[in-house]
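Chemist: Here is how the chains run, residue by residue.
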Amino acid sequence: DSGVTQTPKHLITATGQRVTLRCSPRSGDLSVYWYQQSLDQGLQFLIHYYNGEERAKGNILERFSAQQFPDLHSELNLSSLELGDSALYFCASSVGEGTGQNIQYFGAGTRLSVL
Amino acid sequence: SQQGEEDPQALSIQEGENATMNCSYKTSINNLQWYRQNSGRGLVHLILIRSNEREKHSGRLRVTLDTSKKSSSLLITASRAADTASYFCAKQNTGTASKLTFGTGTRLQVTL
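Those sequence lines, one after another, are chains A and B. The numbers in the working numbering rise by one with no breaks, and the one at position 22 of the first sequence is 22. All you need for the working numbering is the position in the second sequence, starting with 1, plus 115.
Just so you know, these hints were derived from the structure itself, not from any lab. Don't take each hint at face value.
[Unchecked claim] Derived DSS-like pairs (lysine-lysine); straight-line CA-CA distance at most 30 Å: (1) LYS184/B / LYS171/B; (2) LYS185/B / LYS57/A; (3) LYS9/A / LYS185/B; (4) LYS141/B / LYS57/A.
[Said to hold, decoys possible] Coverage of chain A stretches by chain B, computed from C-beta distances (three or more under 8 Å per stretch; other residues unrestricted): (5) 42-48; (6) 104-114.
Everything numeric in this text was worked out from a predicted model, so none of it was measured. Each residue gets a CB set at the ideal place from its N, CA and C atoms; glycine is no exception.
Looking at chain B on its own, in the form it has when it is part of the complex (with noise of 0.2 Å):
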């Protein structure tokens, strides 16, 4: 079973607007990253953010880290229909080295 969820399930925005996908977790985390998936596609790498960070940017992309709350969340600014895509968070545990644990997923649609 996968750690945590991801919400909303989906995101319907127009063109120009910005995106928020939120990402809950249950366990102590090494890493929290984001990957994007195009339908039916292999996983892309977006952005990953340490246990010690809060705040990590990358591009039109602003993703937060609230460790007491065990929660993460992704922003997306100015959306382009090129955005619409399903996005997954992925932990990656302390004391489970390698594997990364991914939640449910955001299917982002963006209408021009």
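Extracted from the complex, chain A is given alone in its bound form (with noise of 0.2 Å):
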């Protein structure tokens, strides 16, 4: 167990649908990012935040949008849902701001399903 926490485990919607995947990072990891795992693009980094404070963006469409709480947890909101979307999300955390040497903890991810 990684200690990160990812719900729901499985989600099942219909296109154009919006859904929320919510991550509660490792007790004290300051830093959450987000990936898509698909079968055609691989692990794809998506965005980090450090502290409720964006730091980094990669492949992450418009569509998509994430935040970090003042509680550190993060959400990653995913809308006008294509077959595309289709994929595992993972969360990871990390203690510091992601400089450095920075070692990811991973969750055990969200299955999106887009019918």
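Using the supplied hints, reconstruct the complex from the two chains, each of which is provided in its own coordinate frame.
Modeler: Here you go:
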């Protein structure tokens, strides 16, 4: 158990809908990262938050947004869902800001199926 | 798109044998890390090697890094059925701080 909690584990929804994925980082970790894993794109970095502030953005679509709350949990919002958004979404956390030797601890993921 | 590739894409060995996976990358790195993923589950951090290190060990794992060739390898010695998983290298590039860029992964199957 990494200590990173993601909910829900599975999500089935329809095209055009909006969903929210939730992540609680390990106790004491200030950084939260979101990744998408799909068969065709592999593991892609989406976004990084540190202590409530956005620090880095990757290949995140404009239909996707995220935030980190004062209690350090994070939410990833996916809207106007398309079939191609079906994937595993991982949250990871780390102690520091992400610089230096950045070991990230991953949650079990949320499997999103868009039908 | 992902930076670099891993090879082989898939590897099947028998218990007790050694498994070697390779990872290549394109730009300068701060460090390179290896993660394991059991089928459809979260990634587990295995080992981190800094750009100024050439070799690192952790239990049955041995990682090497050749920055001149921009490549790394992961060796698992005396493999066990429980080592069956996908293995990913992840690069932390210089200048992009927090982002980890993952390779395509090697699927390792260890049979009894």
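Chemist: The structure should be examined with respect to each hint, and the outcome stated for every one.
Modeler: Status of the hints after comparison with the structure:
1. LYS184/B / LYS171/B: holds, 17 Å
2. LYS185/B / LYS57/A: Since the Cα atoms of LYS185/B and LYS57/A sit roughly 25 Å apart, the hinted pair holds (cutoff 30 Å).
3. LYS9/A / LYS185/B: Violated: LYS9/A and LYS185/B sit about 37 Å apart, past 30 Å.
4. LYS141/B / LYS57/A: holds, 20 Å
5. 42-48: As far as the stretch 42-48 of chain A goes, the hint holds, because 5 residues have Cβ atoms under 8 Å from chain B.
6. 104-114: holds (count 7)
The structure is inconsistent with hint 3 alone, although it conforms to all the rest.
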